[in-house]
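*Asks:* Listed below, chain by chain, are the residues.
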Amino acid sequence: MNAAARTWRDALVQRAERHLPALTRQWQPEPLPIELHRRRIYILPTQSGMGFGVLLVAMLLGALNYQNNAALLLTCLLGAAVINSMLSAFRALHGLRITCIRAEHACAGDPLPLHLEFDAGGRARAALRIDVDHATYAFSLQPRFGEVAVTMPTDRRGWNRVPRMRISSTLPFGLFRAWSWVMPSHAVLVYPRVLTGLPPPPQEDDGVQRANGEDDYAQLREYRFGDALKRVAWKTSARHDRLLIRELDAAAHDAPQRFDWAMLHGLDRETRISRLAGWVHQAHAAGRGWTLVLPDARTLGPDADNAHYHRCMTALALLP
Amino acid sequence: MAMHPQPPTLAAQAVYPLDSRAREAAIFSRRGSPDISQSPESLDRRAFDLLCLSVACVLVAHLTHLPPWLAAALSGLLFLRWLQRRMQRGRIPALARIALVVALPLAIVTTYGTPFGRVPGSALAVGLLVLKLLESERGRDARMAVGFCCFVLMSALLFTQSLAMTLLVALALLPAFACLRALQPDAQSHTYLRAFAPGAWLLLAASPLALLGFVFVPRLSTPLWGAPGADNARTGVSDRMAPGDFRDLLIDDSVAMRIGFDGAPPPQAARYFRGLVLWYFDGRAWSPGVTGIRNSPPEPLRAHGAAFGYDITLQPTRRHWLFALDVPLDAPDGTTFGADRTLNRAKPVNDAITYHVDSVSHYVLAPQPDPRLLRDALQLPEGFDPRAVSLAQSWRAKHGNDNPAIVREALQLFRNGGFAYNLAAPPLGRDSIDDFLFGTKQGYCEHYAGAFTFLMRAAGIPARVVAGYQGGFWNAYANYLLVRQSDAHAWSEIWLAGRGWVRVDPTAMVRRVITASSGGGLDLGSGDNWLIGLRDRLDIVNRLWDRSVLGFSALRQSELLAPFGIAHMEWGELAIALAAGIVVMLGIGMLIALRRPRVRPRDALEAAQLRLQEKLAKQGCARAPQEGPRDFFARCMLALPGVRTELAKLAQQYLLLRYGCPTPPAEPVRDYSRAVRAFRVRGVVK
Numbered sequence: 001m002n003a004a005a006r007t008w009r010d011a012l013v014q015r016a017e018r019h020l021p022a023l024t025r026q027w028q029p030e031p032l033p034i035e036l037h038r039r040r041i042y043i044l045p046t047q048s049g050m051g052f053g054v055l056l057v058a059m060l061l062g063a064l065n066y067q068n069n070a071a072l073l074l075t076c077l078l079g080a081a082v083i084n085s086m087l088s089a090f091r092a093l094h095g096l097r098i099t100c101i102r103a104e105h106a107c108a109g110d111p112l113p114l115h116l117e118f119d120a121g122g123r124a125r126a127a128l129r130i131d132v133d134h135a136t137y138a139f140s141l142q143p144r145f146g147e148v149a150v151t152m153p154t155d156r157r158g159w160n161r162v163p164r165m166r167i168s169s170t171l172p173f174g175l176f177r178a179w180s181w182v183m184p185s186h187a188v189l190v191y192p193r194v195l196t197g198l199p200p201p202p203q204e205d206d207g208v209q210r211a212n213g214e215d216d217y218a219q220l221r222e223y224r225f226g227d228a229l230k231r232v233a234w235k236t237s238a239r240h241d242r243l244l245i246r247e248l249d250a251a252a253h254d255a256p257q258r259f260d261w262a263m264l265h266g267l268d269r270e271t272r273i274s275r276l277a278g279w280v281h282q283a284h285a286a287g288r289g290w291t292l293v294l295p296d297a298r299t300l301g302p303d304a305d306n307a308h309y310h311r312c313m314t315a316l317a318l319l320p
Numbered sequence: 001m002a003m004h005p006q007p008p009t010l011a012a013q014a015v016y017p018l019d020s021r022a023r024e025a026a027i028f029s030r031r032g033s034p035d036i037s038q039s040p041e042s043l044d045r046r047a048f049d050l051l052c053l054s055v056a057c058v059l060v061a062h063l064t065h066l067p068p069w070l071a072a073a074l075s076g077l078l079f080l081r082w083l084q085r086r087m088q089r090g091r092i093p094a095l096a097r098i099a100l101v102v103a104l105p106l107a108i109v110t111t112y113g114t115p116f117g118r119v120p121g122s123a124l125a126v127g128l129l130v131l132k133l134l135e136s137e138r139g140r141d142a143r144m145a146v147g148f149c150c151f152v153l154m155s156a157l158l159f160t161q162s163l164a165m166t167l168l169v170a171l172a173l174l175p176a177f178a179c180l181r182a183l184q185p186d187a188q189s190h191t192y193l194r195a196f197a198p199g200a201w202l203l204l205a206a207s208p209l210a211l212l213g214f215v216f217v218p219r220l221s222t223p224l225w226g227a228p229g230a231d232n233a234r235t236g237v238s239d240r241m242a243p244g245d246f247r248d249l250l251i252d253d254s255v256a257m258r259i260g261f262d263g264a265p266p267p268q269a270a271r272y273f274r275g276l277v278l279w280y281f282d283g284r285a286w287s288p289g290v291t292g293i294r295n296s297p298p299e300p301l302r303a304h305g306a307a308f309g310y311d312i313t314l315q316p317t318r319r320h321w322l323f324a325l326d327v328p329l330d331a332p333d334g335t336t337f338g339a340d341r342t343l344n345r346a347k348p349v350n351d352a353i354t355y356h357v358d359s360v361s362h363y364v365l366a367p368q369p370d371p372r373l374l375r376d377a378l379q380l381p382e383g384f385d386p387r388a389v390s391l392a393q394s395w396r397a398k399h400g401n402d403n404p405a406i407v408r409e410a411l412q413l414f415r416n417g418g419f420a421y422n423l424a425a426p427p428l429g430r431d432s433i434d435d436f437l438f439g440t441k442q443g444y445c446e447h448y449a450g451a452f453t454f455l456m457r458a459a460g461i462p463a464r465v466v467a468g469y470q471g472g473f474w475n476a477y478a479n480y481l482l483v484r485q486s487d488a489h490a491w492s493e494i495w496l497a498g499r500g501w502v503r504v505d506p507t508a509m510v511r512r513v514i515t516a517s518s519g520g521g522l523d524l525g526s527g528d529n530w531l532i533g534l535r536d537r538l539d540i541v542n543r544l545w546d547r548s549v550l551g552f553s554a555l556r557q558s559e560l561l562a563p564f565g566i567a568h569m570e571w572g573e574l575a576i577a578l579a580a581g582i583v584v585m586l587g588i589g590m591l592i593a594l595r596r597p598r599v600r601p602r603d604a605l606e607a608a609q610l611r612l613q614e615k616l617a618k619q620g621c622a623r624a625p626q627e628g629p630r631d632f633f634a635r636c637m638l639a640l641p642g643v644r645t646e647l648a649k650l651a652q653q654y655l656l657l658r659y660g661c662p663t664p665p666a667e668p669v670r671d672y673s674r675a676v677r678a679f680r681v682r683g684v685v686k
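Quick mapping for you: the protein sequence lines, in order, are chains X and Z. Quick note: the first sequence, position 61, residue 61 per the numbering used here, numbers continuous. Quick note: the second sequence, position 259, residue 259 per the numbering used here, numbers continuous.
From the derived model, a few chain X residues whose C-beta atoms are all more than 12 Å from chain Z:
#1 His-19
#2 Leu-229
#3 Ser-237
#4 Asp-303
Reference listing, derived: stretches of chain X covered by chain Z, where coverage requires no fewer than 3 residues with Cβ under 8 Å from a Cβ of chain Z:
#5 66-78
#6 161-174
Derived Cβ-Cβ restraints for the label pairs, each shown as a range:
#7 Z:Pro-404 <-> X:Asn-65: 50 to 60 Å
#8 X:Arg-224 <-> Z:Asp-671: 52 to 62 Å
#9 Z:Val-541 <-> X:Asn-65: 25 to 35 Å
#10 Z:Tyr-659 <-> X:Trp-159: 37 to 47 Å
#11 Z:Ala-624 <-> X:Thr-196: 44 to 54 Å
#12 Z:Glu-606 <-> X:Arg-97: 16 to 26 Å
Keep in mind that the hints were calculated from the coordinates and are not lab data. Given the structure is predicted, the values throughout are model-derived calculations rather than measurements. For every residue, glycine included, the Cβ atom is placed at its ideal position computed from N, Cα and C.
Kindly produce the complete structure, drawing on both the sequences and the hints.
*Replies:* Here it is, written out as C-alpha cells:
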C-alpha cells in the first residue's frame, strides 16, 4: 500500500474511533496477557479466496448443466474443503496469547526493537503474521513458548505506548484471512533524541594533560567494583597479581564532565534535552565520567558506568 | 493516551512465566524477523515443484483424449520449464512466450476445425495451463495457476465418469492443495510430505459435508446452455457388420451392461442377448436394411414355459436399440418392438438406463410368418459367392425338403471342415463367403454367422443374422451378470416350419482356437486368467458407483425423503435442507476445531500435584500463577488449618521428589499419588 493510501486509511480509522466507539471497542488498550478468542478473531476471504469461489461456482454450474454427477461430487468436495480451510484459519489464531513484551533501548526517532512473547496454547503454530506500523513479519511458534522480534517507530521521548498490532494468518491455503487486532497497554521508555556532532560542553578548567606512564606508582590504585575495565593497567596488574586502576590526575581532562541544564540557556526545552542527551551519549561512548544537572536541581553522578548512563537518559526522557 | 501506565523497571524487563516448563521449549523464531510487507510474495522451489506436479497430474487425467503430439509437446514443455527454473532463475523471453500463446490455438483449430466443443476446448485449456506455468514467477501467479488447475481437472470428468477417473482427479487435488500450503510464509522448512498433510486432512474432513452437498444440491431440470456436442463416439454393437467390424468390440473390455435377475440366472449356454437383426447382405456387410426400418407389428410369439424377469442397466451407447435376453414378452416403457421383436427407442441411449424385461426361453416365434419378412430373409446379393451358393444347392438337392437335415449338414461342415476360431483372421476378398468357407477357414463370430446365414439362404431356408451379446460373468457375491463389450456376438436365426425362428450359433461348432478373446461366444472357462476373474469380481465397486453416484438423478433426489414421509421435494425444500445441513456441519466443525488442547502434565508427579491443586481449588485455595509450590502450600495451610498436618506432609514429600532428585523415582511418586487421592478436606466450617 503506498503512502497516500496509508494516510487516508489512518485518517478514516481515527474518524471511526471518534464517532463509532461501539465498533472500535476492541481497539482500546488492554493489559497483558492478551488472549485471542473467538469474539475478537475476524475472518474474511482473501482475493485469491474470492477468485477460487468464483471458480467453484463455475464448476458447480458446469456440473449441474451437463448432469455430471462425478464432477458434482468432486466440486462439492472441493467446496467443503475450502469451507473447512476457513475453520482451519480460525483455529490458527484461536487460543494464542501474548504473554509479555520486552523492549530494548532506543532513542527517539530510531526504530525500537520489541520482543513479543507468545504462549501458543499447546500446539505448534506456523505461518503467522504480525503487522506493526505497516511492516509485516512472519513467524512460527513452538507449542509452549515462542517469540518474535518486531520494531516500533518512535518519535517522542518518554513513555510511548506500544502501537496496535494485527496478528493474522492465512493458513492453510491462503483463501481466508483470520486476523485480530491487539493493543496492549504496555508502554516503553524511549530515550530522548540524541544530537551528536556538536561541540563539547565548556569545562571549568583546562588542565594540562599530564603524561601518564604505565609505571607511575602514584597513579595506581586498587580496582573498585564499578570501575571501567579499560582503565585497568594490565601489565602492572600482572606483576602484582591484583587488578590496579591507572588513575589519572584529577586535574587532567579525565575529570568527570559536568553537563548542566543552565549551560544551555537560549535554546528551547527539547533541544536542550537533546543536546544534554548527546553529551551524555558521547561521554559514555568515550568512557569518561560525567555529572548531569537537571533543571529541577537534581544532580546525577559523577559516575561513568552503564547504570549511570541509563539513569541519566531515563531522567532526561522523563523530564516533563 | 493521556494517562501514564505503570512504568516497568528500569531495564524494561518483563515478567517471565514462572512455569519452568514453558521455558524449556526452545525459542524458535529468528531474532530480527525480516519485514515481508514490501517484497512481493515469492515462489520458492518447493511451491514451484508442487505446482509442476499438479499440472502434470492434469496432463495425465486428460491424456486419453488429447492428440498425441499435443500431449508430448506439453509434457516436454513442462519438463523443460521445471528444469529451467531449477537450474537458474531467469525468465523465459517474452517473445518465446507470445509465440507459444499464438501457436497453441492455431494448432488446435487446425486439428479440430473449431476451438469449441468438448475435446478441442479441453485441449486448449490444458495447453493454456502449461503456458501459464511458463510465466509463473510470483506467488500470485501460482495461486491463479492452481485455481485453473482445479478447473481443468474437473473438466476431465466430462469425458468419463468412472470411479477410477474420479479417484484420479481427487488424488490430483492433493498436489494443488500442497502447492497452496507451500506458498505460506513458513519459516520452518518441512519436507514435501508435510506440505501434503493439510490438504489430505481437509479433504478427508470435508467428505461428510461433500456428501451432504451432493445429495441435496438441487439439480437443474433443463440445461442452462447446450448439452455436450455430438462428438461423442457411439459404442457397442453397431448396425453394420462387415468382416472386421466386430474385432474392435471383441478386444474392448469396458462394461456393456449389468443384469440383475428376479430369480435364478439362466445357464451360460442360454445367455443370448438379442440386440439387432441384420436382414440385408450386400455382398460385403450385413445391415438391417429396409426391413429393419419398416414399421411392422412384432411377430406373434407363443410362449412355452415360464417367463423370467430381469433388470438391465445399459451403459450409454448413443444408439437406438436395447438388448433383451432371448425373446421379450413386452416392450418396456419408452421402447417399441421392431418386427423381429427387438427393442428400439426413439431417443438414443446417451445416459445409463435401467429397464425391466420379461422374457421366455422356450417359445415359438412367428409360427405363421409374414411372407414379406420371409422373402427378405431369403435375399442374396447377385453375383457374389458362387461356390457357396452351389454348395448350398447341392445340400438342397441331397436332402429335398428336409430342412433340419440341411442345417445339420452346415453345422457338420463347420465342425469337421477344418475351421478355426481366430481373432486375427486373414483378410477376405470380394467373394468374402467363398474365401472364408473354402480359403482361409479362420474367423470369428461374424464370419461364421454370416457364412451360415448365406448358406441357409442359398439353400432356400429363411435365415437372418442377429447381433448382440452372449455370455457374461455371473458375480455370485452380488448376484448380477456382468456383460462386457468383449462378449459381443453374432449368431443366426433360421425359420423352420412348425418351430418358427430358431436360434443357431455356428461359432459354437468350431473346435480349434488360434487366437481368442475372453468372450466372443467361446467358452474358455478352463483357461481363465485369475487376473481377469479378479477384475470381474471387483466390478462390484464399479457397479455400486454407477448405481449410487452416477445414477443419482433428479428423480431419485426428489424421492429421497420418501421413507420419511416427504413424497416429493422441490428445489426450494432441497435448498432448505442443504442450508440446514451446512449449518449443522459447520457447527460440529467449529466445536471440533475450537476445543482447547488440554495441557498434559509432564509426568506422574505433576499429574498428582494437579489433582491436589484441583481439590484445594474447590476449597477456595486456587494456586496463583506466580506462586511457587512452597508458598502455595504455606498459604493453603493457613487457609485450611484443619488439614494442616496432612498438607505439611504432602508439601515435604512433593518438594523432596520434585527438587531433590533429577528424576523422581517411581515408587515414592506412586505413594505420593495415593496420598493425594486419599487426601480429603474435612470439617472446614466457613
